[in-house]
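Colleague: Protein chains in written order, with the working numbering: chain A, 36 to 377; chain B, 37 to 136.
Keep in mind that the hints were calculated from the coordinates and are not lab data.
One should not assume that every hint holds.
Straight line, CA to CA, 25 Å or less: simulated DSS-like cross-link-like pairs of lysine-lysine [claimed, not checked]:
id	chain 1	residue 1	chain 2	residue 2
1	A	K231	B	K88
2	A	K231	A	K195
3	A	K195	B	K88
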Amino acid sequence: MFPRSLCTLLLSLSAALVISAQSSTPIISGGVQYLSTTSGGTTFFQPTISPVVTIPFGDHWLIESRGTFDEFISREDGATGPFHSLTLSSVDYLQLDYVANSHLTIVVGDFLTPFNIYNERIAPIWIHNLSDAPLIAGIGTRTSGSSEGGMLRGVAVSRKNWQLNYVAYFSALVTARQFNAGRSTGGRVGTFIPGKRLELGVSYQRFLQDQHLNSWGTYLVWQPSSAPLDLRAEYAHTRGGQGYWIEGAYRFSRFRGADSWLGRLQAIGRVQQFYLGTPAPDDVNPGADTQRVDFGLNYYLPHNLRLNTSYGRQFTSLGNSNIWNFQITYRFLFPLLPGGSK
Amino acid sequence: MNVRLASRLALVTLFLVSLGATAKNSAPQQQTKVSKSSPAQTATTESEEGEKRFERQCGRCHVPPEDLSPREAKAVVRQMRVRANLTAEDERLILKYLAP
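Kindly generate the complete structure, drawing on both the sequences and the hints.
Modeller: As structure tokens, this is what we get:
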């Protein structure tokens, strides 16, 4: 028997499909991954499918939703014993968007909490360069990474040399299993300089229940036009702790082109630190001061396949550890209706 | 001497003024050329500009998807307009690039 939330989701999507515009087609996209992780001598496997349903209708409307279905396979006693598995599923977001104009889009429903850039933009399995989330991913995204309520977003000012974008939201407390969210409000303001391919921004969240926490953060994304380099960084602060991460990814596309065997290779490095503050009981941040460094090699195969490999070393008073990751990801996109691609 | 110097200065000034006037006149000519270009040329220019916008706006997070039909591209770009805070012009030009 389907849970009530899943039935609601299916009904909403079916209704929107019926009235979907003819000029565009509803699509299902997303990624499938197989992840193998060895952390501190313990190995686990994680096949995941993460579909995104996108239903545009009319000139201004859009329904979009992402779900994640994980199988978590590990040994019963960590490094020994028989394997056992745990199945997890979640609705990451289910939102209705009204694109009023360039300056304003109104979003209602369940949406990804827009704090800094990782949660909203980089976390999907077919996008992230390194399989493990940053140490500070839990700051500003309480309680589940999703919010329930309303959000306004858009480009406040657009000039030839710079753009100012914004997001502001309010979330209610919801404790339903698939739509878990805390009562909070917050926003993000970013400046993008197209000529420099540089984006800088700040984020803020006020958590309006329990201990009424403030979280704030800042981020940077830079892609210098002189080299195929992606540089991303975040800093976040809350009462429970503060930290940062800096990630650089270099694609060897300058050597024989992006589609050559060498041009498909990407080298990644990430450095991050977390400093423990006064943690709340339900914090998901590390339990001690932590430093971590990761090195990765990704390979972009044809047909939307990608291999991610990485090695990380984590230093903490709770015990240092090595983390090895191997991930293969397939990024897919199909029309939801028959004949939709024509 | 002073008269000669003054006349040289006047000549240089006249030359600089004429250069400025030529530059001013050439700008509208260029604009006229663009506006008189064929629809195919305009589409190509817009597709190239769309590619630039894709690299700047979307390329910050991911590489372009492969093999999109025009109707699929429209759904993808609508979604990205919300997610990546694209303007209406960004949406139109990126669509020209993804589904020319």
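Colleague: Run every hint past the structure and note whether it holds.
Modeller: Quick rundown of the hints versus the structure:
1. A:K231 / B:K88: Given that 25 Å is the threshold and the Cα spacing comes to 13 Å, the pair holds.
2. A:K231 / A:K195: holds (12 Å)
3. A:K195 / B:K88: holds (13 Å)
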